[in-house]
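*Asks:* Letter by letter, the chains look like this.
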Amino acid sequence: MSNHNRHERAQGSPYAPHTPEDTAAMLDAIGLESEAELFDVPAEVRFEDELGIEPRSERELRAELSSTLAKNDDLTEFLGRDHHTHYVPSLIDELSERSEFLTSYTQYQPEITQGFLQALFEYQSLVVELTGLPIANCSMYDAATALGEAARLAGRVRQASGTRVLVPEILHENKRAVLENYVDGTDLTVHTYPMADGTVDVEALAEAADEETAMIYAENPTVHGTIESRLEAVGDVADDVEALFCLGSDVVALGLLTEPASVGADVVVGEADALGLPTAYGMGLGLFATREAFLRQVPGRLVGAGEDAAGKRAYTLTLQTREQHIRKERATSNICTNQAWVALRTAMHLAWLGPDGLVDLASQCVREAQSLAERLSELRGVKAPIHDRHHFREFLVRTDQPASAIASDLEASGFAVHVVDDHRLQVCVTDVNAAATDALVAAFEEAL
Amino acid sequence: MNHDQARYGDDERYEPLLSEKDTTSVDVEEQSPLPDDLTRDSLELPGLSEPELARHYTRLSQMNWSVESGPYPLGSCTMKYNPSFTEDVAADPNGAVHPDRSEASLQGTLEVLHGLQDYLARIGGMDAVTLQPPAGAAGEFTGILVAKAYHESRGDDRSEVIVPASAHGTNFASAAMAGYDVVELPSGEDGRVDIEALEAAVSEDTAALMLTNPNTVGLFERDIVEIADIVHDAGGLLYYDGANLNALLGRARPGDMGFDVMHYNVHKTFATPHGGGGPGAGPVGVVDDLVEFLPSPRVCETEGGYELCEPEQTIGKVHGYQGNWLVLVKAYAYIARLGDEGLEDASAKAVLNANYLAEQLDYEIPYGPFHHEFAATAGDRDAADVAKRMLDYGVHPPTTKWPEFVPEAMLTEPTEAESRASLDDLAAAFNAAMADSIEDVESAPSKTTARRIDQAAAARNPRLSWQALDDEE
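Protein chains in written order, with our numbering: chain D, 1 to 448; chain U, 1 to 473.
Simulated from the structure, these hints should not be mistaken for laboratory data. Certain hints may be false.
To be verified - In silico lysine-lysine, DSSO-like type, Cα no more than 27 Å apart, as pairs:
#: 1; chain 1: U; residue 1: Lys21; chain 2: D; residue 2: Lys312
#: 2; chain 1: U; residue 1: Lys401; chain 2: U; residue 2: Lys447
#: 3; chain 1: D; residue 1: Lys312; chain 2: U; residue 2: Lys447
Unchecked claim - Derived contacts from chain D toward chain U, CB cut-off under 8 Å, selection only:
#: 4; residue: Lys71
#: 5; residue: Pro110
#: 6; residue: Gln124
#: 7; residue: Asp184
#: 8; residue: Leu256
#: 9; residue: Ala305
#: 10; residue: Gly306
#: 11; residue: Trp352
#: 12; residue: Val359
#: 13; residue: Ser363
Claimed, not checked - Derived CB-CB ranges, DEER-like:
#: 14; chain 1: U; residue 1: Glu472; chain 2: D; residue 2: Arg398; range: 49 to 59 Å
#: 15; chain 1: U; residue 1: Ser446; chain 2: D; residue 2: Ala436; range: 49 to 59 Å
#: 16; chain 1: U; residue 1: Ala200; chain 2: D; residue 2: Glu33; range: 38 to 48 Å
#: 17; chain 1: D; residue 1: Gly414; chain 2: U; residue 2: Gly155; range: 50 to 60 Å
#: 18; chain 1: D; residue 1: Ala63; chain 2: U; residue 2: Glu44; range: 47 to 57 Å
#: 19; chain 1: U; residue 1: Gly235; chain 2: D; residue 2: Asp187; range: 25 to 35 Å
#: 20; chain 1: U; residue 1: Ser42; chain 2: D; residue 2: Ala434; range: 25 to 35 Å
Glycine included, each C-beta is placed from N, C-alpha and C at the ideal position.
Starting from the given sequences, assemble the full structure and let the hints guide the process.
*Replies:* This is the structure:
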């Protein structure tokens with residue numbers, strides 16, 4: 001093999017710097033003759049066989065993975081449903097991939113990790129601005145697990161009694177499934193309340209809510225892209241039964257839509273990865289913000305400002321007695337490794353957009369959805385949007401013909417859309433695929 | 001080693017916040033295409049130009065320690081080098097796909113994931129693997145839910161999970177999250193599981209014992225086969241916390257030791273970058289009896305391709321989609337880069353490095369023989385103070401004051417990535433910090449961006465956003 005690093009030996013890790021002479025000298029220093037003697041593993045559980053994993057060179061692996069991933073069809077995606085993508089500027093990759101950020105650990109020694117701590121403090125502050133709630137943690141895994149944590153918080157705090165968690169009947173099935181697992185070990189149970197034409201049926205919700213209700217969850221926009229107009233009334237229902245009001249959203253929508261704090265939200269969860277992260281097969285960043293009253297019940301890490309011995313402002317992880325490494329089984333959550341690097345990217349993207357840029361982007365999500373829906377509705381046997389509501393990024397499409405057949409035809413023409421059920425599709429449009437809407441409409445017409 | 005970390009800023013702070021550089025307020029209603037009752041009134045955010053942002057974040061990065069800056073021997077964290085090429089692999093635009101696409105259009109992604117499931121199963125001696133959990137603790141939670149579903153499917157109502165006192169805090173928290181009572185198992189005198197205490201702890205209520213091996217002071221649980229028998233005889237399952245797997249690659253496998261379910265920390269063992277706290281990934285491996293309880297979906301092989309399949313008695317989902325793709329693909333690339341011999345060598349060098357480093361230290365190390373990590377004690381000094389002093393010598397200190405059964409513990413894991421010369425520097429930093437005067441130690445650090453931070457004061461007066469700082473003024 002040519003062109004290899006001098007430390008790269010035929011039989012070893014290319015990422016261990018030891019020359020054979022080093023290894024011999026080091027073994028000698030600790031009084032051993034061979035590496036095998038380093039292991040205090042009883043013979044009965046020693047593994048003598050082969051794993052059967054063939055090593056490859058860097059060049060071979062890049063070629064291999066590139067050709068494997070090229071087996072994915074080249075489709076223009078009109079897909080959303082809790083995993084949204086907007087154009088990510090090159091600057092985000094360039095800066096976030098600086099190894100000082102990428103290869104650092106959780107900031108257990110704050111004096112030497114001020115840079116990342118400040119970036120996370122800024123992320124928290126940006127979330128505070130978007131939600132209007134004063135406390136934001138520095139990341140959860142994704143929107144679904146953040147919702148699970150919110151329900152567990154509602155189960156813990158004395159401000160909410162009861163054990164019922166009410167969720168909208170229009171909810172991503174994966175999110176519901178994750179929520180069920182997060183409350184599995186508690187007294188909490190999950191129940192649905194009805195929707196009316198794609199948004200919360202407030203009267204039906206009021207009927208479903210009672211003193212046994214611990215939390216009411218609503219989304220804006222919903223998983224079908226509809227924008228809620230009666231969030232204040234939802235918050236009032238929650239107040240009436242002394243339940244927490246948890247609102248789900250995402251960082252782009254929050255730049256435009258009703259501020260959660262203004263309608264009485266106690267907790268905001270959602271998708272912070274809509275900015276900063278390219279489409280990543282569902283990898284996310286969970287947003288989590290809440291009121292001051294629940295500060296000591298917050299799951300996950302918090303960065304606070306303090307002072308150092310020089311009298312200057314400095315940052316540190318704080319209120320760690322909530323966390324698993326100190327509180328063990330009484331911790332507010334088991335989370336340790338989180339999505340800090342994604343939060344760094346999201347903060348960078350938000351700062352890059354600025355307030356005008358964010359409002360523009362969010363407005364585009366409304367305009368593009370409206371315009372695409374109108375154009376699809378002009379096709380014979382197609383109605384879009386199904387709900388008589390304003391929409392954000394995505395909307396439902398009713399088709400006289402079977403939805404799955406249309407989706408297959410669209411896929412053959414190079415487009416991916418969601419199949420919701422027999423006669424409903426869902427289409428999502430953002431700045432990333434807006435330029436392909438003409439082609440989508442043409443392919444749609446052909447598929448009918 | 002001489003070291004002075006970058007330090008920007010002025011008399012008040014080390015670098016102004018984004019909000020201190022610019023705050024711009026916009027009237028949302030004016031720009032919005034929606035009726036006013038659906039929108040917020042205004043939005044106030046920093047509005048900086050790209051060059052200003054580039055400088056802001058470059059400066060922040062320079063005020064941050066990382067694996068590429070120098071030694072980072074945090075015990076139980078496995079801060080090994082993260083190969084650059086894995087970043088290029090993860091950035092492949094063909095991998096940037098939405099998870100709701102049809103399986104037929106995602107054959108490349110599914111092939112990579114299936115390949116990783118297969119590699120991890122081989123490495124752990126497990127029969128099947130799910131890649132869905134997004135972190136180690138999420139893997140623990142998943143594994144315990146799988147164990148719970150298994151017991152419930154047999155009509156077996158069990159209420160307790162046993163966790164050694166020395167275990168990672170996540171073990172306790174994950175078991176409690178799944179609804180179990182946690183029974184803490186005291187450590188034996190030799191730092192390992194006390195067999196008599198275990199026998200006394202197991203009962204018909206035992207759902208599982210969670211164990212890491214080597215344990216949190218680097219010792220191999222020599223009685224692992226007996227431990228497995230005790231737990232299995234009581235009808236419980238044995239859970240392997242994969243945080244310390246970097247010690248054993250290719251030399252011993254949890255499945256062969258009698259473990260039924262395990263998680264892998266790919267951001268530790270398989271060299272994916274920690275990213276300042278995450279993302280990681282915590283795949284879970286299980287033996288045959290537990291496969292049907294795994295989260296949905298798994299990636300299954302079909303004739304000539306791959307599909308997503310739902311285990312018959314699945315626990316459901318633990319992540320909104322299929323976990324942290326960008327991490328998983330890097331783990332695949334790392335494992336494939338090393339292969340059998342490279343993986344085995346990585347563990348050998350990790351254990352060699354820990355032992356070589358320990359040999360140079362003027363510290364007592366109460367427990368051994370250890371593998372990839374060891375717990376030194378700072379004796380009559382405060383381990384946290386000694387750690388602060390080490391920062392001045394151009395290295396990151398070890399994990400301090402944990403595990404608790406080692407007084408003033410300094411849990412040290414150098415990983416295989418440190419050269420002999422680097423280990424010598426690290427040892428010199430350890431020893432110098434211990435030899436320095438109490439005044440020097442207690443006033444450290446001075447060469448880092450910030451001087452000693454009063455963390456207790458920060459917690460007493462929590463200010464968690466720039467809005468909170470503004471309110472104070």
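*Asks:* Against the structure shown, which of the earlier numbered hints fail to hold, in ascending order?
*Replies:* none
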